[in-house]
Amino acid sequence: MIFMTNLVDTVIIFLILTNLMLLGSSRLRTCILVVAIQGILLGILAILLEDGSLGIHLILLSAAIFCLKGIIFPFLLIRTLRDLNVQHEVEPFVGYGTSLVLSPLVLVVCIWLGSQLSLPIGAASSLVVPVAFFTITCGLFLIVSRKKALTQVLGYLVLENGIYVFGASIATIQPVLVELGILLDAFVAVFVMGIAIYHINREFDHTDVDRLNKLKG
Amino acid sequence: MHIEKIINPLLTLVLAPLLFGIINRTKAVFAGRTGQPLLQSYYDIWKLFCKGAVYSKTTSWIFRLGPIVGFAVVVAAATLMPLGGLPAIVAFDGDFILFAYLFGLMRFFTVLTALDTGSSFEGMGASREVMFSALAEPAFLVGLAAISKQTHSLSLTGMLAGPDTALWSQIGPALLLVAFSVFIVFLAENSRMPVDDPNTHLELTMIHEVMVLDNSGPDLGFITYAATIKMWLLGTVLVGILVPHNGNVWIDISTAVGAIFMLAVLVGVVESSMARLKLLHVPQFLLIANALSILALILVLR
Amino acid sequence: MNPGILLWIILLLPVVGSGICQILRSPKNVMNFTCFGVAVIGILDIVTAGVVFSSNTISSCSEWLYMDALSAYHLIVMALVFCMSSLYGMRYFDKEINEGIFTLKSAKRYGILWFASLAAMTLILVSNNLGMMWVGMETTTLVTAFLICTRANKASIEGMWKYLIVCSVGIALAFMGTLFIAAATYKFQGSISGNGVLWTQLKMHAGLLDAKLAQIGFLFIFVGYGTKAGLAPMHTWLPDAHSQAPSPVSAVFSGFMLNAALYCIMRYTSLIKLVPGNENLSRDLFLFFGTLSIVVAAAFILSQHDLKRLLAYHSVEHLGIIAIGLGMGPLGIFAALFHTLNHSICKSLGFFCAGRLGQIYGSYDMRGMTGALRLSPLWGGGLLGSLLALIGIAPFALFMSELLIVKAAIATNSIWVLVVFLAGSCIIFAAALKHVINVVYGTPPVLDFKPRRSSIPDTGIVVFSLGVLLVLGLWMPNSLHEILYRAANIMEGIDAATTVCVK
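Protein chains in written order, with the numbering used here: chain W, 1 to 217; chain L, 218 to 519; chain D, 520 to 1022.
Keep in mind the hints are simulated off the structure, nothing from the lab.
With a Cα cut of at most 25 Å, we get these calculated SDA-like pairs of lysine to any residue: (1) D/LYS673 x W/HIS88; (2) W/LYS216 x D/LEU952; (3) L/LYS268 x L/LEU329; (4) W/LYS214 x D/PRO752; (5) D/LYS731 x W/LEU117; (6) D/LYS731 x W/CYS110; (7) L/LYS495 x W/GLU91; (8) W/LYS147 x L/GLN501; (9) D/LYS624 x W/VAL188; (10) L/LYS366 x W/LEU17; (11) D/LYS673 x W/GLY194; (12) D/LYS792 x W/LEU117; (13) L/LYS366 x W/SER115; (14) W/LYS147 x D/PRO752; (15) D/LYS722 x W/VAL178; (16) D/LYS673 x W/HIS206; (17) L/LYS495 x W/SER26; (18) W/LYS214 x D/GLY877; (19) W/LYS147 x D/THR755; (20) D/LYS673 x W/ASP210; (21) D/LYS624 x W/ARG202; (22) D/LYS706 x W/LEU58; (23) L/LYS495 x L/GLU354; (24) L/LYS366 x W/LEU113; (25) L/LYS268 x L/PHE288; (26) W/LYS216 x D/ALA949; (27) L/LYS366 x W/THR10; (28) L/LYS366 x W/LEU102; (29) W/LYS216 x D/ILE946; (30) L/LYS366 x W/VAL11; (31) W/LYS216 x D/VAL814; (32) D/LYS673 x W/GLU89; (33) W/LYS214 x D/GLY881; (34) D/LYS673 x W/LEU84; (35) W/LYS216 x D/ASP825; (36) D/LYS624 x W/GLY194; (37) D/LYS731 x W/SER115; (38) L/LYS366 x W/SER126.
Generate coordinates for the entire structure from the input sequences, incorporating the hints supplied.
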C-alpha cells in the first residue's frame, strides 16, 4: 500500500513537471511531446487510482487513453506542425520565466483549494485533486497567454487532461460508454482543430491567433 | 578523534584541483584527444605562485586584496561543509546561510576587482555574473530549506550528514528535484556550460573568465585554487543530498570522494554535449532551477 | 409498440441521412435531400413529441434515453427551426452552385455536417444520462465548426476558430460541473449502481446531494453551458460565428443551438432547486447573467453596422430575456419557455431575410443597404416584420412573452432586474428601429442585376413565420398552454399542479 502511494505520488510529481515544462518551453515540438507524456501518465494514473478491483473495462479504458492521448493526438499534431513550417512560439503575453516562477505559487493556491473542498476522494494521495486543478489552470493559461493556434490546442488538451485527473480522483463510477464518448469527443476535437489550423495557415499564411482580429464590435 | 575532524578540509584542499583535471580529461576523451594530464591544475597553480605579478596602473589596493579575500573565504566555507558521514569542523544553526553568503562575499570581491581595473570588458562580465547569481542564489537556498524542513535541522551538518536512506523513502522525489536544481546552480556558480564557457575568451561567452582577465601571478594562482575549492564544496552539497550513508567512516568518505569525482565526469559530459545557451535564455534556465526548488519545498511542506 | 423505439428512430435517422449525403451526385441533389430528409425527421420529431405529451414520458434503453414534456417541447422547436432552415437552404446556395464555387465536395460536407448536427442536438434532448448530454453538446460544437466556414474566407475562418476555442473551453468547464455533481452523489451512490449520472435518479434523490459540491458544480455548469448559450460575458464568440456562417446555419445556431445549451442548464436547475440550501442559487445566477446579457447586447446594438451581427446581438439579448424569465418563479419560467418558441421562429426568419438581402446587395454592411422593401418586397418585408417582432412590438408573440416576464418580475419583486430589462429593451428598440428603417425604406441603389422572383417555398416561409408570430401573440391555443405548463412544472422541480395565471 505504501508502495502504491509512493507510485501515485511519483506519477503526480511527473505530471507537475510536465506542466512546468509546457509553461517554460517555446519549441512547439517539445510541447507536443510533453503533452504526449502527460497522456501516458494519465493512462497509468487511471489504473493506479482505482482502489476497487481491476476490471477488464478499466484496463481497456486505460489502454484507450494511452493510445489516444499518448500516441494518436501527438501524431495528429506533429503532422499539423509539419505542414505549418513553424518551430517556435512567438513571444507570449506572459513571458516564459515569469510563468515558470509563478507556477509553483499557483500550485500552492490549488493545494489550498483542494483542502477547502471536502471531496469524497479515494485514499490514494492527497495531492491528486490539487494537481488536477493545477493542470486545468495550466491548460487555461496556455490558451489565454500563448499566441499560436497550435499552443491553444495543446492548452485545450492539457485542460481535458486535468479534468480527467479530477474525474478519476473523485471515485465516481462513470460507465465505460460515457468515458469512451468523452475520449471520442476529445479525438474529434483534436482532429477538427488540426484541420482548422491547416485552414488558418492556408488562408492567412500564419497561425498567430492574436493577429486574427478583423471581426470587432 | 582528531583525524576525523580535519580530514574533511584536508581532502578539500588537496583534492580540489583534481576536479578540473577530471573535467578536462573527460572532455578530451569525448573529443578523441589525449588531453591534459590529470594533475595539470596542480602544475598550473604551482607555476602561477612562482611567477611575479603585474599590476595595472589603474588598479588600487582592492585589486590586490580581492583574490586573497576570495581564497580566505572559500577556505572558511570549507570548514562548514560535512563530507560523507563526518560532521564539519564548525557547525551551528543557520550555517548554511553563512555558507551561501561566504560565496556571496567572494563573488562581491571578484566583481569589485573586476570593476577596479576600469576596463569595460571586465565590467560587462561583472554585471552578467551578478545577475546570474541573483537568480541562482534563491534556488540554492530554497532547495536547502526543503531539505532542512525534512531533516528538522538548520545546520549543514545536520542536513547533509544525517542518515538519509530514510530520507529517500520519505521525500525521494523532492530530493531529486532539489538535486537537479542544485546541479543547475552548480553549473551556474562554477561558470560551466551551458551558462558559461570556461575555455574561450570571446566576449560572447565570457562571464567568469573575463573578470579575472587582468590578474596575474600569485593572484591568479589564488583565484584558480579558490575556483577549484568552490567547485569541490558545491559538489559536496550535491553529493550530500544524493549519496546515502553507510556508517563506517572510511567507506563513507571514499564513497563521497568517489561521488564528487563522478560529478566532475558528469560535468565534463554535460560540457561536451551541450552548447552554451543564448545569453537571453540563461535567466530562463536559472528560473527553471528556482521553480524546481520551490516545487520541492511545496512537496515537503504539504 | 414500445414508444421507446421512437427515441431510437429520431436519434439514428439523422445519422443515416448523413451517410446518404456521402453518396449523392450533385450539389443540387444534396441540398434537396437535406430539405427532404430533415422534413421527414421533423415530422417524426413532432410525432414523438405528441406521444410524449399524451403519455407523460417515454424512455428506453434502461432509462438512458428519456423524454418528458420539457425535452419534447424543445424537440418541437428544433424540428420547426431545422425544417424551415433546410427548406430555405435548399435554394440559398443556388447562385454559388451555378458559379461553381459551391462544389460537390463542399455540398457533401455541408450535408453531412448538417445531419450530424441534427443528430447531436437530438442526442442532447433524448439523453437522460447527463454525461451523454454533455457528449452531445460537445459534438454540436465540433460538428458545426466547419459549417461556419462553408465559404472559406479570412473572416469566416477567424470566426470559426474563436467559436471552436471559446466553446470548447466552456464545455470543458461544463464537464467539470458534471463531475462535481456526480461527486455530490456519494451519499446514495450505492443505489445508482454503476449506471452513471441519470437525471431521473438524481431527481429522485436530489435532497441527498452534498450541498457544497452541488453548488460548485452548478456554478461550473452554468458558466460552461452558458458559454454555449451565449450569455454575457461568455458571448464573445457569438457575433463572429453567427455573422460569418451561411444564413441557414446562423438560423439553426440562433434558433436552436443556444436554446439547447440553455436546456442543459434547465435540466440541472430542476435538480439544484431541490438541494437544501441552494434553492436560490439558480435564481441568482439566471438573473445576474440575464441582465448582464441584456446590458451588453444593448451597448453593442447601438453601434452595429453589420446586419447579421445585429441579429446575433439580438440573440444575446433574447437569451438574456429567457434567462431572467427562468429566474422568476413559475410564471417567469412559463413565459421564458414561450419566449423560446417565439424567438426561435422570429430569429430564423430574420436570418433568412438577412441572408437573401445580403446576396442581393452583395454585402451585409447596413450602411450600403437601403430600400430593401422596394428591391424585394418579400424579403424586405420579412426583415421589417422580424426585426419589429424582435424588438417587441405588439401584437407579435414576443411582446406577449415579454409582457408575461414583466408580470413575473413584479410578482417576484425583482424590481432592479425589471428596470434594467425595460431600459435595455428601450435602447434596443430605438437602435434596432433606426437600423431597420434605414435598411428597409428609402430608394434602393442601382444594382447590376435584377433579383429573381421569390419562389413559393420562400414566400411560404416568410408568411408562415410572421403568421405564427401574429397568431400566437393574440391567442394561445390550449394545447400549447398545457405543454408549456407541464414543461415549466418539470423545471420548477415539482410534479404536482401549481396555479399559474396567464393573461
